[in-house]
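For the protein sequence lines, the chains are C and Z, in the order given. Heads up, the first sequence is in the numbering used here, so the first residue is 10 and it goes up one at a time. Heads up, the second sequence is in the numbering used here, so the first residue is 108 and it goes up one at a time.
Do not rely on the hints blindly, as some may be mistaken.
Heads up, incomplete: computed chain C residues facing chain Z, CB under 7 Å, no partners named [as the list claims (entries may be wrong)]:
{"no.": "1", "residue": "A35"}
{"no.": "2", "residue": "E36"}
{"no.": "3", "residue": "S39"}
{"no.": "4", "residue": "A40"}
{"no.": "5", "residue": "G265"}
To give an idea of the chain C side of the interface with chain Z (calculated C-beta under 7 Å), a few residues [unchecked claim]:
{"no.": "6", "residue": "M37"}
{"no.": "7", "residue": "F41"}
{"no.": "8", "residue": "D43"}
{"no.": "9", "residue": "A76"}
{"no.": "10", "residue": "A521"}
Calculated from the structure, these hints are not laboratory results. Predicted, not measured: the structure shown is a model, and the values here were computed from it. Glycine included, C-beta positions come from ideal geometry on N, C-alpha and C.
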Amino acid sequence: MTDVSTRIIAAIIRRFPSPFRERFGAEMLSAFLDQRDALVAGSTTSSLTLWRHTVRTVAGLLRALVAVRIDQRRRLESIDPDHLDHHERALMRHLASDARHGLRALRSNPAFTIVCITTLALGIGANTAVFNVLDRVILAPLPYHQPEQLVRLYTASRQAPTGRNVSRGPDLVEARDGINAFSSVGIVNLYRETGVDLLGRDGAPHRVRVLPVGADYFRTLRATPLLGRTFTRDEERPDARVVILSHELWTDFVGGDSSIVGRAIDMNGERYEVVGVMRPTFSDVVAGEVAAWTPQDLQAGGSNNASDHYLSAVARLRPGVSIARAQAELTAMSARMRERYPDGPRNDEYLRAVSLHDDVVGEARSPVYVLMGASGLVLLIACVNVGNLFLARSVSQTRDIIIRTALGARRSRLVGLRLTESLLVAAAGGVLGSIIAYWGVRLLLAVSPGSLARAEEVQFDWRLLVFALVVTTVTGLVFGAAPAIRATQSNPSDALREGSRGNTTGRGARHARRLLVASQVSLAVVLLVGTGILIRSFVARQHVSLGFDPANVLTFEVHTPIARYGTPEARVRFHELYQQRLRSIPGVRRVGLTSWLPTNGDYHQWGYEYVDDAGENRSLGPQVRVIDGDYFESLGIPLITGRRFAPTDRLETTDVALISRSLAKQAYGDRDPIGRRFETGGREFQVVGVVGDVANEPTGAITDMVYLSHAQFADDRNWALTYVVKTTGAPVEIENAARRELAQVDPGLVVYRPRPMEGVLARHLARERFTLVLMAVFAAIALSLAAVGVYGVLSYAVSQRTHEIGVRLALGALPAQVRRIILREGVAIGAIGTATGVAGALALSGVLQALVFGTSTRDPLVFVAVTLVLGGVVLAASYVPARRATRADPLDALRNGNSQ
Amino acid sequence: MGRNPTRFLPLAPLDFQVLTLLGTRELHGYGIVQAAQAAFPAQPLLDIGSLYRIISRMLDDRLIREVAAPQDSPNDRRTRRYYAATELGRAVVRAEATRLRALLASPATLSLLSLLEADR
Chain C
10 MTDVSTRIIA AIIRRFPSPF RERFGAEMLS AFLDQRDALV AGSTTSSLTL
60 WRHTVRTVAG LLRALVAVRI DQRRRLESID PDHLDHHERA LMRHLASDAR
110 HGLRALRSNP AFTIVCITTL ALGIGANTAV FNVLDRVILA PLPYHQPEQL
160 VRLYTASRQA PTGRNVSRGP DLVEARDGIN AFSSVGIVNL YRETGVDLLG
210 RDGAPHRVRV LPVGADYFRT LRATPLLGRT FTRDEERPDA RVVILSHELW
260 TDFVGGDSSI VGRAIDMNGE RYEVVGVMRP TFSDVVAGEV AAWTPQDLQA
310 GGSNNASDHY LSAVARLRPG VSIARAQAEL TAMSARMRER YPDGPRNDEY
360 LRAVSLHDDV VGEARSPVYV LMGASGLVLL IACVNVGNLF LARSVSQTRD
410 IIIRTALGAR RSRLVGLRLT ESLLVAAAGG VLGSIIAYWG VRLLLAVSPG
460 SLARAEEVQF DWRLLVFALV VTTVTGLVFG AAPAIRATQS NPSDALREGS
510 RGNTTGRGAR HARRLLVASQ VSLAVVLLVG TGILIRSFVA RQHVSLGFDP
560 ANVLTFEVHT PIARYGTPEA RVRFHELYQQ RLRSIPGVRR VGLTSWLPTN
610 GDYHQWGYEY VDDAGENRSL GPQVRVIDGD YFESLGIPLI TGRRFAPTDR
660 LETTDVALIS RSLAKQAYGD RDPIGRRFET GGREFQVVGV VGDVANEPTG
710 AITDMVYLSH AQFADDRNWA LTYVVKTTGA PVEIENAARR ELAQVDPGLV
760 VYRPRPMEGV LARHLARERF TLVLMAVFAA IALSLAAVGV YGVLSYAVSQ
810 RTHEIGVRLA LGALPAQVRR IILREGVAIG AIGTATGVAG ALALSGVLQA
860 LVFGTSTRDP LVFVAVTLVL GGVVLAASYV PARRATRADP LDALRNGNSQ
Chain Z
108 MGRNPTRFLP LAPLDFQVLT LLGTRELHGY GIVQAAQAAF PAQPLLDIGS
158 LYRIISRMLD DRLIREVAAP QDSPNDRRTR RYYAATELGR AVVRAEATRL
208 RALLASPATL SLLSLLEADR
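Bound-form chain C, shown alone:
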């Protein structure tokens, strides 16, 4: 080992310019040896330490070498421009001549060059674009100070340890003051209804999001206000009328007037004093776009009782404290809370801390990683392809190399020549690839509307170019080095002898090329299988039964501010009036309302307390929806038995409810549920009807459902309702009419978030479509590159075997026989590639698990289809050269075979 590292060091020292080398060369080597001897003498030194020492010394010497050369050049230029170090001049001359030679070689074969550059550009571009998204969406830290200290708090239970439920007020207040692991806890109320309709400067009302937060919220995120102050704990009361404005609201609605602090603004008909304005750089990643913040009521009692779950929190860990330690404290706290509130409803629950970064990035992680892997495969295929082309060319250049070797060219110079060429190609591919990446990032964002968390933060930046540069260089070295080394390794005399016979040139290289193409085919199989499985999953998801008809349905929210709609009667009257007006719009068929749209996940999960036939008290936990008007008719949800709500079901009449089929079955089995009584939300209801099940999740998963009538249940709270309007034509066409009619009823209200129901569903599918489109693009690139590879190898084989083929034809072989020889080679490559590819895809099938729905990641149909597709492509790619082989004129072939 002495000698390898000493030789490396000595070799580098020799590269120093002569005055420096003569002065210090021997000393430097001595110092290195002294240092190493000292290391060897140390008892605990391993050979790894010695190598590390060598590597560190090499790095230092190389840095110094560059610096010394620069120093020297500066000094020489100031004294005598012609006085360049001899070695340096030789090196510069070599580099320049290599580059010139490389350019000339590439220009002389433009088809080769264009194919190489395009192939690499696709690979590099795809990787750089996907990496950029990955970097911004997943790897980048949250836009807060020391984001790794931030955690999100959820309520979980022993039955559901990965639960992400909202939490009770007392738990979070206790966590804020009683958990040592947290330096602060920002409590936040993410409930959807917290918005206001503000009169904009355009004179029309706009609905904006208002987020009620605890006093420590901003401190936890380490955000300071631009103007004024944040909230105090005294302000965590229900009657506090203070507000902090976002920078955007401040500029858009207040006109950026700094004297606003201390003055009052009108929100929902009440006066709120502005106490602060946040900075433009503050973005609320927990809640999304927030226009203003108000204090959250955290007084004990009221909604902050032991059973009301409605709050959420972000906490900051003390420096150096792990999430695990915080979790241990939180778990211990839950025992304390059980003692304090012995009759809380779910006694096995506790607060759960999750890294905020993981929480925000969440599900976007898996598709981006899969895409990163897929684009990596594409790049690998591109490298293999280009390496293959270079290898093919290096065979035809063998004689050129042999002659140069014979004339005394050094091996290092010859390898350098090849590497310069491949780096030139890689550089061109890198430049083109960066352009593709630039547009690719925009394309990625265009096809992924809102489906990736934090996608709005993605933009093209310089680090991306650095990434492209690294990928380019590595690529160039990978595909360039192998052929270059191979080309110079052969014994000149063997190579000359082999080269003299046209039909056997470079047998080793031919095997290598077949192997490369087979590996290309197998990589393509992996990508195709992945794409095929995603397509199956996508199709399965689109054909999932939702239990309702989303076609021609417009949805939008209308919020009734409590200041003007303080009584249940007023709210019922408003919604009835507005429904009537909507029904009068031409093109409107049905109008209904609901507190939460289907497929949007859980919303209100309440208890369903009933007595079973044996007289036992039972409890279920269905989802509860408050509806009004023709909700079931608008969405085509069938009535199975009993009746729907009727205009006679009023605030003052018996409370009635409809239940879903699955709930009826769960609670009453096959017996008639009509007329049964149950309790929910502290009131007793009578079942008057059963309706069909609807999907609660976009995957089609259904949940037990209870429907209450808004006309009867409006006194429970100021419900935020979503209108569901069935139309005869395109739903967007009635949007403006709906706005006009609302202005007639109450000009201060807003048609908020109008979306067709199909759009609501499409949003859920957007991420899948996004992943699928990209995978399909990658698979298509892979497949065409594999086809090009097979075609290239076989064409080359045919041209190399012209002589042999001529002999065969002359001896009476039939064209079909000759064709079969070539086809057999193609089929062999295809079969080996497909077999290894299928094995690889099976091995990797687990990777896709998180992205797949309703289909197996080892779906045999996909594997068979991919094998057939590839078989067809390989056959097609082999057929062309095979046919060309039989077209050869035996005489020509015999005459010219030798000169190939």
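On the provided structure of chain C, position chain Z as indicated by the hints.
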């Protein structure tokens, strides 16, 4: 050309280390590396490449000079030249140390440090 020591200020950290060590002792190349590791453990490692670049520059600038090998120098075939700081070199390193001390003692630095301390 004036021989004013302040002309060389501020010193790069590695230069400061080398010159400080050679100000009190005569050392050869590896001796400097060893002494630097012992005297400035928290500082970036001094590697041989950087060391000889610094030595070359300081010899040219007459901050250090070559001295005769001491009696106890190991007697093998390896080349070891010994260096020591010149009068000018010692003046320069003293000036740099004074400058650094003044910098650290300034009220602005102290208040920043106490803020950082409090944060911890």
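Evaluation of the provided hints:
Look at A35 of chain C: its Cβ gets to within about 4 Å of chain Z, closer than 7 Å, so that hint holds up. Annotation: E36 of chain C was flagged as interfacial toward chain Z, and the flag holds, the nearest CB pair being 5 Å apart, inside 7 Å. Satisfaction of the interface hint for S39 of chain C is found here, the shortest Cβ-Cβ separation to chain Z being roughly 4 Å, below the 7 Å cut-off. A distance limit of 7 Å between C-beta atoms decides the matter here; for A40 of chain C the minimum to chain Z is near 4 Å, and the interface restraint holds.
The restraint placing G265 of chain C at the interface with chain Z is violated, with a minimum CB-CB distance near 32 Å, outside the 7 Å limit. Because the closest C-beta pair between M37 of chain C and chain Z is about 5 Å apart, less than 7 Å, the hint holds. Residue-level restraint check for F41 of chain C holds (minimum Cβ-Cβ distance to chain Z is 6 Å; threshold 7 Å). Among the interface hints, the one on D43 of chain C holds; its C-beta lies about 4 Å from the nearest C-beta in chain Z, closer than the 7 Å criterion.
The restraint placing A76 of chain C at the interface with chain Z holds, with a minimum CB-CB distance near 6 Å, inside the 7 Å limit. Given the 7 Å rule on beta carbons, the hint for A521 of chain C is violated: about 40 Å separates it from the nearest Cβ of chain Z.
Checked against the numbered hints listed earlier, the structure breaks hints 5, 10; every other hint is satisfied.
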